[in-house]
Amino acid sequence: MASTPPGKTAAARDDGFPHTGSNVSLRERAYRIRRHALRMGEVQGQGYIAQALGIADVLAVCYFHAMRYRPDDTRWEGRDRFLLSIGHYAIALYAALIEAGILPESEIETYGADASRLPMSGMAGYTPGMEMTGGSLGHGVGIAVGVALGLKRKKSDSFVYTLFSDGELNEGSIWEGVMGAAHWRLDNLIGIVDVNDQQADGPSAAISSREPLHERFRAFGWHTQRVDGNDIDAVATALDAARAVRVAAPRIVICDTRMAKGVPFLEARERNHFLRVEAGEWQRAISLLDETFSGGAVS
Amino acid sequence: MSGAPNAEAPKQRLTTSAMIASIAAPGQRTASAPFGHALVALAKSHPGIVGLTADLAKYTDLHIFAQAYPDRFYQMGMAEQLLMSAAAGLAREGAMPFVTTYAVFASRRAYDFICMAIAEERLNVKIVCALPGLTSGYGPSHQATEDIAIFRGMPNLTIIDPADALEIEQAVPAIAAHDGPVYMRLLRGQVPLLLDAYGYRFELGKAKTIRTGNDVLVISTGLATMRALQAAEILERDSIGVEVLHAATIKPLDLDTIIAAAGKGGRLVVVAENHTIIGGLGEAVAAGLLRAGVAPKFRQIGLPDAFLAAGALPTLHDRYGISAEAIARQIKGWL
Ligand SMILES: Cc1ncc(C[n+]2csc(CCOP(=O)(O)OP(=O)(O)O)c2C)c(N)n1
Ligand SMILES: [Mg+2]
Numbered sequence: 001m002a003s004t005p006p007g008k009t010a011a012a013r014d015d016g017f018p019h020t021g022s023n024v025s026l027r028e029r030a031y032r033i034r035r036h037a038l039r040m041g042e043v044q045g046q047g048y049i050a051q052a053l054g055i056a057d058v059l060a061v062c063y064f065h066a067m068r069y070r071p072d073d074t075r076w077e078g079r080d081r082f083l084l085s086i087g088h089y090a091i092a093l094y095a096a097l098i099e100a101g102i103l104p105e106s107e108i109e110t111y112g113a114d115a116s117r118l119p120m121s122g123m124a125g126y127t128p129g130m131e132m133t134g135g136s137l138g139h140g141v142g143i144a145v146g147v148a149l150g151l152k153r154k155k156s157d158s159f160v161y162t163l164f165s166d167g168e169l170n171e172g173s174i175w176e177g178v179m180g181a182a183h184w185r186l187d188n189l190i191g192i193v194d195v196n197d198q199q200a201d202g203p204s205a206a207i208s209s210r211e212p213l214h215e216r217f218r219a220f221g222w223h224t225q226r227v228d229g230n231d232i233d234a235v236a237t238a239l240d241a242a243r244a245v246r247v248a249a250p251r252i253v254i255c256d257t258r259m260a261k262g263v264p265f266l267e268a269r270e271r272n273h274f275l276r277v278e279a280g281e282w283q284r285a286i287s288l289l290d291e292t293f294s295g296g297a298v299s
Numbered sequence: 001m002s003g004a005p006n007a008e009a010p011k012q013r014l015t016t017s018a019m020i021a022s023i024a025a026p027g028q029r030t031a032s033a034p035f036g037h038a039l040v041a042l043a044k045s046h047p048g049i050v051g052l053t054a055d056l057a058k059y060t061d062l063h064i065f066a067q068a069y070p071d072r073f074y075q076m077g078m079a080e081q082l083l084m085s086a087a088a089g090l091a092r093e094g095a096m097p098f099v100t101t102y103a104v105f106a107s108r109r110a111y112d113f114i115c116m117a118i119a120e121e122r123l124n125v126k127i128v129c130a131l132p133g134l135t136s137g138y139g140p141s142h143q144a145t146e147d148i149a150i151f152r153g154m155p156n157l158t159i160i161d162p163a164d165a166l167e168i169e170q171a172v173p174a175i176a177a178h179d180g181p182v183y184m185r186l187l188r189g190q191v192p193l194l195l196d197a198y199g200y201r202f203e204l205g206k207a208k209t210i211r212t213g214n215d216v217l218v219i220s221t222g223l224a225t226m227r228a229l230q231a232a233e234i235l236e237r238d239s240i241g242v243e244v245l246h247a248a249t250i251k252p253l254d255l256d257t258i259i260a261a262a263g264k265g266g267r268l269v270v271v272a273e274n275h276t277i278i279g280g281l282g283e284a285v286a287a288g289l290l291r292a293g294v295a296p297k298f299r300q301i302g303l304p305d306a307f308l309a310a311g312a313l314p315t316l317h318d319r320y321g322i323s324a325e326a327i328a329r330q331i332k333g334w335l
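Listed in order, the protein sequences are those of chains A and B. One point on numbering: in the working numbering, the residue at position 102 of the first sequence is 102, and numbering is uninterrupted. One point on numbering: in the working numbering, the residue at position 71 of the second sequence is 71, and numbering is uninterrupted.
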């Protein structure tokens, strides 16, 4: 999988695609994002690691294929915006921001510590590249509507991405945003929803009526795709289409993901919103991840 | 963004205890999930009791009720507005809903739904919310530093802030016996147990003296009462006598008891609460005393008017002045 976005050839780094021409594959990026996240988890002995491992492939595609940004200037006007609605997934985004060169790898050691720039729940004022304060769920889509409107006012060709979750689909505010985005025909808004079939009290499909999700978004007027969120090529193709398609509508990529993906013994564990990992298991998980990656076996 | 730190990596590391937060000190006696167990016990004799949550049963101890009474438990999903509206509907049809979520989400997101669907009609809904004040290290999204300020302005609503496991256990039947909406701040999980040692009994609407002392009167509520009692022991070593008057019911406030205590003997009066100093118990007491013409030397212990930092709870409690040591330090400075 090349990391060159459609319509772009290797160009100056400041075109906003800093990884253009890199020979690091998206698969390797995803592996390294998982690795950074596990290291952060080990630092605190906790963290939303199952979510981070599950969404790593999607974040690899966002930051190393789809999105335009400058690692050294996170306020660059020409960047694509990325709104992490699910603040508890911060550990995953920090890992991606580290891999993208926006945060130094050395800050892994500070994860969740007092006075760290990497608090356990994502907050805009703390971390370069974290564009919204999440944690209170159900905010991302609405903010994205405003950002998309604002970008249009400025005649910007940037996209706004927002990553939210199946649990968040329970919140009425999400659907207010979904309707607003369709009403304003926000073709510069790309929603990504992580369907890991889990939320705090259990499987999301059992907690609230969720399906048929594809049909629901389509009925609400969104350009809709649904992919295996752990299939890097499928995610990349879907995000390419979401950007390229010529319809005056917001775009959603529904990503079905597997929690703890990439670390088989954690994947096999009973699924839980807050996966407990014992002290000795972090290193074991990292070793397994390393072996799987260097062994070339993808899943 | 007052909590935002600089780029410097900290030397000392403390675990952020947001999801597995315990406010118990090491070695302190605790009881497990007192709310869940008390509700199960009460539900036996109260068939109208139903439990509702917004994807936080496990995190508000309501899962214990859900296991005991699966057919009386409603999982509403992470939809706090629906949670409150549905509770209102169930209450109209004669049920007594106990609804749980975190204090931030009830007070901020669901306010209108509590106000108009529940309080205005004085419906019999008990809203029980975990993570009150500063009891999570996750930052402002989970720190309900202003929930009491928000809810004090809501007519018809009774507000209580229990201090320990014993009080939670006693408050559950007491709020059920009260016909009308109640907001209760909840300590969950392994909850400190201390008031049994003082022979305390919870009574809705009553402030109670837990400990006597000649130099300082601390009027406190919730978690701050536990900390005030610990601070009183620290100060006792310096021969400073601290009385602790615990006002578990914040609305309606037991002003008779408070005014009588504050008017006695020229003591420094301190109000301590796990809440911003704006709009909580401190301002309620101050206004009550002024209206009654009682004007002692008065100080407030509470959280600053700011969005607080993320981090480890013990550090945060110390930094923001509601640890036992910080309370003792402040009181000493005022004497
Ligand atoms: C408005 C709001 N309500 C409740 C919560 C508490 N909470 C935190 S995560 C979560 C589950 C959300 O679902 P999802 O993001 O799908 O969970 P995951 O996949 O991470 O298990 C809940 C209910 C919250 N953070 N915000
Ligand atoms: Mg989920």
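No wet-lab data here; the hints were simulated from the structure. These numbers come from a predicted model, not from an experiment. Be aware that a few hints might be false.
Chain B regions said to be covered by chain A (calculated; three or more residues, Cβ under 8 Å) [claimed, not checked]:
#1 57-71
#2 104-115
#3 140-148
#4 307-313
Every residue gets a Cβ at the ideal spot worked out from N, C-alpha and C, and that includes glycine.
Here's how the hints hold up against the structure:
With a cut-off of 8 Å between beta carbons, the stretch 57-71 of chain B has 4 residues touching chain A; three or more are needed, and the interface restraint holds. Closer than 8 Å: that is the beta-carbon criterion, and the stretch 104-115 of chain B has 4 residues meeting it against chain A, so the requirement of 3 holds. Residue count for the stretch 140-148 of chain B with a Cβ under 8 Å from a Cβ of chain A: 3. That meets the three needed, and the coverage hint holds. Beta-carbon proximity to chain A at under 8 Å applies to 4 residues in the stretch 307-313 of chain B; the threshold of 3 is reached and the given coverage holds.
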